[in-house]
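*Asks:* Sequence:
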Amino acid sequence: MKKILVVDDQVGIRLLLKEVFKQEGYGVVLAMNGEEALKKMNKQIPDLIILDYQLPIMDGYTFVMKIKEIGLDIPTVIMSGLPDRAEERAKEMQMVKKIIGKPFQLNDIRAIVRELLQ
Numbered sequence: 001m002k003k004i005l006v007v008d009d010q011v012g013i014r015l016l017l018k019e020v021f022k023q024e025g026y027g028v029v030l031a032m033n034g035e036e037a038l039k040k041m042n043k044q045i046p047d048l049i050i051l052d053y054q055l056p057i058m059d060g061y062t063f064v065m066k067i068k069e070i071g072l073d074i075p076t077v078i079m080s081g082l083p084d085r086a087e088e089r090a091k092e093m094q095m096v097k098k099i100i101g102k103p104f105q106l107n108d109i110r111a112i113v114r115e116l117l118q
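For the sequence shown, UniProt numbering assigns the number 1 to the initial residue and increments by one for each residue that follows.
If you are wondering where the hints come from, they were derived from the structure by calculation, not from laboratory data.
A portion of the hints provided could be inaccurate.
Stated by the list, open to error - In the DSBU-like style, the derived pairs of lysine-lysine whose C-alpha atoms are separated by at most 30 Å in a straight line are:
| # | residue 1 | residue 2 |
| --- | --- | --- |
| 1 | Lys3 | Lys102 |
| 2 | Lys39 | Lys18 |
| 3 | Lys2 | Lys98 |
| 4 | Lys18 | Lys102 |
| 5 | Lys40 | Lys102 |
| 6 | Lys39 | Lys22 |
Unchecked claim - Distance windows between CB atoms, simulated:
| # | residue 1 | residue 2 | range |
| --- | --- | --- | --- |
| 7 | Gln94 | Gln118 | 17 to 25 Å |
| 8 | Leu82 | Asn42 | 23 to 31 Å |
| 9 | Gly25 | Pro56 | 17 to 25 Å |
| 10 | Asp84 | Gln44 | 26 to 34 Å |
| 11 | Thr62 | Asp84 | 16 to 24 Å |
| 12 | Leu16 | Glu115 | 14 to 22 Å |
Keep in mind the model is a prediction, meaning the values are calculated, not measured.
Virtual Cβ for every residue (Gly too), placed ideally from N, Cα, C.
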């Protein structure tokens with residue numbers, strides 16, 4: 001079973017994505033910020049990360065850079081209310097495969113996840 005790590009400070013988004021991807025047969029782990037996500041990754045490395053760009057404590061950019069320092073290359077989808085800002089820094093974040101704006105369409109994120117986890 002493929003595992004997805006969902007990192008977002010909005011509980012509603014975390015729970016929605018958990019339900020959507022559990023119904024599609026994926027294992028889903030939730031974290032509310034980058035720091036919590038790193039701790040959860042110590043227990044199990046996900047196959048894909050869905051990450052909010054603007055997070056408290058450790059933002060999405062810092063989180064991706066920490067993963068890169070560790071030597072991991074995990075396909076990552078960034079969600080952002082300001083996708084242009086995330087897009088500017090995406091060149092430094094090679095593991096980021098897609099950037100989607102918030103609010104997003106569920107069908108769009110489903111299609112992205114399927115494509116990246118094939």
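*Asks:* Does each hint hold? Answer for all of them.
*Replies:* Each hint, compared with the structure:
1. As the CA atoms of Lys3 and Lys102 are separated by approximately 23 Å, the hinted pair is consistent with the 30 Å bound.
2. Taken as a hint, the Lys39 and Lys18 pair is honoured in the structure, with Cα atoms around 19 Å apart against an allowance of 30 Å.
3. Among the hinted pairs, Lys2 with Lys98 is consistent with the structure: their alpha-carbon atoms are about 18 Å apart, no more than 30 Å.
4. A distance of roughly 17 Å separates the Cα atoms of Lys18 and Lys102; the hinted pair therefore holds under the 30 Å criterion.
5. Simply put, Lys40 and Lys102 have alpha-carbon atoms about 25 Å apart, close enough for the 30 Å limit, and the pair holds.
6. The suggested pairing of Lys39 with Lys22 holds, with an alpha-carbon distance near 22 Å, which does not exceed 30 Å.
7. Evaluation of the 17 to 25 Å hint for Gln94 and Gln118 yields a pass: the beta carbon distance comes to about 19 Å.
8. For the pair Leu82 and Asn42, the beta carbons lie near 30 Å from each other, so the given range of 23 to 31 Å is met.
9. A C-beta distance of roughly 31 Å is found between Gly25 and Pro56, which places it outside the suggested range of 17 to 25 Å.
10. In this structure the supplied range 26 to 34 Å holds for Asp84 paired with Gln44, their Cβ-Cβ distance being about 33 Å.
11. Separated by about 19 Å at the C-beta atoms, Thr62 and Asp84 satisfy the suggested range of 16 to 24 Å.
12. Checked against the hint of 14 to 22 Å, the C-beta distance between Leu16 and Glu115 comes to roughly 20 Å, which is consistent with it.
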